[in-house]
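2 protein chains.
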Amino acid sequence: MKLTKQGRGGIDALGPAPVVVLCRPQLGENVGTAARAMLNFGLGELRLVEPRFGWPNAKAVAACSGAHEVLNRMAIFDSVEAAIADLHHVYATTARFREMRKPLLTAEAAGVEARSMIAAERRVGILFGRERTGLDNDELALADALVRVPINPEFASLNLAQAVLLVGYEWFKSGDSTPQHQDLAEAETPATKGDLDGMLHHLVTELEAVAFFRSHDSRDSIVRTVKMMFERRAMTQPEVHLMRGIVKELRRGPDKTGRGANETEVADG
Amino acid sequence: MKLTKQGRGGIDALGPAPVVVLCRPQLGENVGTAARAMLNFGLGELRLVEPRFGWPNAKAVAACSGAHEVLNRMAIFDSVEAAIADLHHVYATTARFREMRKPLLTAEAAGVEARSMIAAERRVGILFGRERTGLDNDELALADALVRVPINPEFASLNLAQAVLLVGYEWFKSGDSTPQHQDLAEAETPATKGDLDGMLHHLVTELEAVAFFRSHDSRDSIVRTVKMMFERRAMTQPEVHLMRGIVKELRRGPDKTGRGANETEVADG
Numbered sequence: 000m001k002l003t004k005q006g007r008g009g010i011d012a013l014g015p016a017p018v019v020v021l022c023r024p025q026l027g028e029n030v031g032t033a034a035r036a037m038l039n040f041g042l043g044e045l046r047l048v049e050p051r052f053g054w055p056n057a058k059a060v061a062a063c064s065g066a067h068e069v070l071n072r073m074a075i076f077d078s079v080e081a082a083i084a085d086l087h088h089v090y091a092t093t094a095r096f097r098e099m100r101k102p103l104l105t106a107e108a109a110g111v112e113a114r115s116m117i118a119a120e121r122r123v124g125i126l127f128g129r130e131r132t133g134l135d136n137d138e139l140a141l142a143d144a145l146v147r148v149p150i151n152p153e154f155a156s157l158n159l160a161q162a163v164l165l166v167g168y169e170w171f172k173s174g175d176s177t178p179q180h181q182d183l184a185e186a187e188t189p190a191t192k193g194d195l196d197g198m199l200h201h202l203v204t205e206l207e208a209v210a211f212f213r214s215h216d217s218r219d220s221i222v223r224t225v226k227m228m229f230e231r232r233a234m235t236q237p238e239v240h241l242m243r244g245i246v247k248e249l250r251r252g253p254d255k256t257g258r259g260a261n262e263t264e265v266a267d268g
Numbered sequence: 000m001k002l003t004k005q006g007r008g009g010i011d012a013l014g015p016a017p018v019v020v021l022c023r024p025q026l027g028e029n030v031g032t033a034a035r036a037m038l039n040f041g042l043g044e045l046r047l048v049e050p051r052f053g054w055p056n057a058k059a060v061a062a063c064s065g066a067h068e069v070l071n072r073m074a075i076f077d078s079v080e081a082a083i084a085d086l087h088h089v090y091a092t093t094a095r096f097r098e099m100r101k102p103l104l105t106a107e108a109a110g111v112e113a114r115s116m117i118a119a120e121r122r123v124g125i126l127f128g129r130e131r132t133g134l135d136n137d138e139l140a141l142a143d144a145l146v147r148v149p150i151n152p153e154f155a156s157l158n159l160a161q162a163v164l165l166v167g168y169e170w171f172k173s174g175d176s177t178p179q180h181q182d183l184a185e186a187e188t189p190a191t192k193g194d195l196d197g198m199l200h201h202l203v204t205e206l207e208a209v210a211f212f213r214s215h216d217s218r219d220s221i222v223r224t225v226k227m228m229f230e231r232r233a234m235t236q237p238e239v240h241l242m243r244g245i246v247k248e249l250r251r252g253p254d255k256t257g258r259g260a261n262e263t264e265v266a267d268g
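In order, the protein sequence lines correspond to chains W and Z.
Residue numbering for the first sequence follows numbering that gives the first Met the number 0, beginning at 0 and increasing consecutively.
Residue numbering for the second sequence follows numbering that gives the first Met the number 0, beginning at 0 and increasing consecutively.
Please keep in mind that the hints were generated in silico from the structure rather than gathered at the bench.
Incorrect hints may appear among the rest.
[Unchecked claim] Only pairs whose alpha carbons sit at most 27 Å apart, straight line, appear in this in silico DSS-like list of lysine-lysine:
| no. | chain 1 | residue 1 | chain 2 | residue 2 |
| --- | --- | --- | --- | --- |
| 1 | W | K101 | Z | K226 |
| 2 | Z | K58 | W | K58 |
| 3 | Z | K101 | W | K226 |
| 4 | Z | K101 | W | K192 |
| 5 | Z | K58 | Z | K101 |
| 6 | Z | K192 | W | K101 |
| 7 | W | K192 | W | K226 |
Turn these sequences into a full structure, and let the hints guide you.
Below is the structure:
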């Protein structure tokens, strides 16, 4: 989609949000794309546990697409325990169903719960595992709750940045007040009944001039259909056919000999 | 997260879903990552309009991470009009707020609406624009409604696959019936009041043996606090301190001389 520069407010303007903890990531590039996904959804604080690459890392910087502020503030820890020591509530992301005695939430439910915890001044963190294998059981055991993303069980592979993106998206959405459905057209001044009647009267007069109506019965039925077509917003296929018939007749003119629609002669019927 | 092989059911087992139309993509790699994101969320039908690269494309295949079935079925069109000619309802994704007389939905609302349309046997499509600039006004004009993803307005850059991922995620979620919150621990047989009383009685007896209680008043208060601590699920910081005091006293033993907790001598008090 569209590329937008980060504003002056930066991360601090985003307000308190969950800390993202990447446990033993293997590729610097994934840290960059994760930082970008975080900033997309208002997450500013990133922590790494035992990265398998040196830091600073040129590939991470190249992949962050401008989310430098997240990388500049990032902290590195020797253990998961140290990385979460100052947090009150920790979620662990997992793709598998685990037989663990911990609450298991969808990303959506976790976003809503995390927001209410942060409103109560708790510090919240979200753990993400290494690229291929995710979090191991010892790492999962450190969390208060597990989070999973609903996904096609036959093809559940997500890369690290995509997992961060989806969990971050649900965090952002839990605080987003944009209406689900807007319609600018509905905000415009609607046509009055008189406007619509005038237009229909005009159209019916022209149709009579080209002998469009075969009988009085079909005339009433067609006028009713045309009226409804203009009163509704979306057109159906029969309406499209009807509209084509109308235009065709208008073009051919009143005597069906192809003399043209511009002539003013009035047909009988 | 975890890598899972695609099952035998493949795309056809996923059921009818929206068609994804990528308009004039510039990089083959993005078609591969978009195909992967589609399959993550049950979208099997991909169409390209005027790709800026040759097809078949090795980079697309390398980037699809196993979503070959989506690429193998993909169709290429010369125009957006041709790509959507057989569809009944078309959404156009946009990152910007547009002054267009079209309904504007969140991805979540579009997922729900698309599912009800598809249940009524309508064919639905979703247009995505080129990498840097998105859909132009002529392309947007072909859609019935616009879709946007709630995102940090100060950092709204999403790559093509991520846009497909988020819209696909909301499509999948609209049909997902997994509970938002599960707790395996809650499903286990809970301790009876008798179990809990027995444990507390045991603990209090041991604490009396090590002269933990200073007065009758504090004894009652501490026993009440210990009881509540075990009746609740989560521990507070004061509870942790109390538990540490209990353990410390048990370890030091009854006469405070460090003779060890194994001795059975009973203290007065």
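Consistency of the hints with the structure:
Taken as a hint, the W:K101 and Z:K226 pair is honoured in the structure, with Cα atoms around 22 Å apart against an allowance of 27 Å. Between Z:K58 and W:K58, the direct Cα distance comes to roughly 20 Å. Compliance with the 27 Å bound is thereby established for this hinted pair. Distance check on the hinted pair: Z:K101 and W:K226 sit about 22 Å apart at the alpha-carbon level, within 27 Å; holds. Distance check on the hinted pair: Z:K101 and W:K192 sit about 23 Å apart at the alpha-carbon level, within 27 Å; holds.
Pair hint Z:K58 plus Z:K101 does not hold up; C-alpha atoms about 36 Å apart against a cutoff of 27 Å. For the hint linking Z:K192 to W:K101, the alpha-carbon distance of about 23 Å falls within 27 Å, and the restraint holds. Distance check on the hinted pair: W:K192 and W:K226 sit about 11 Å apart at the alpha-carbon level, within 27 Å; holds.
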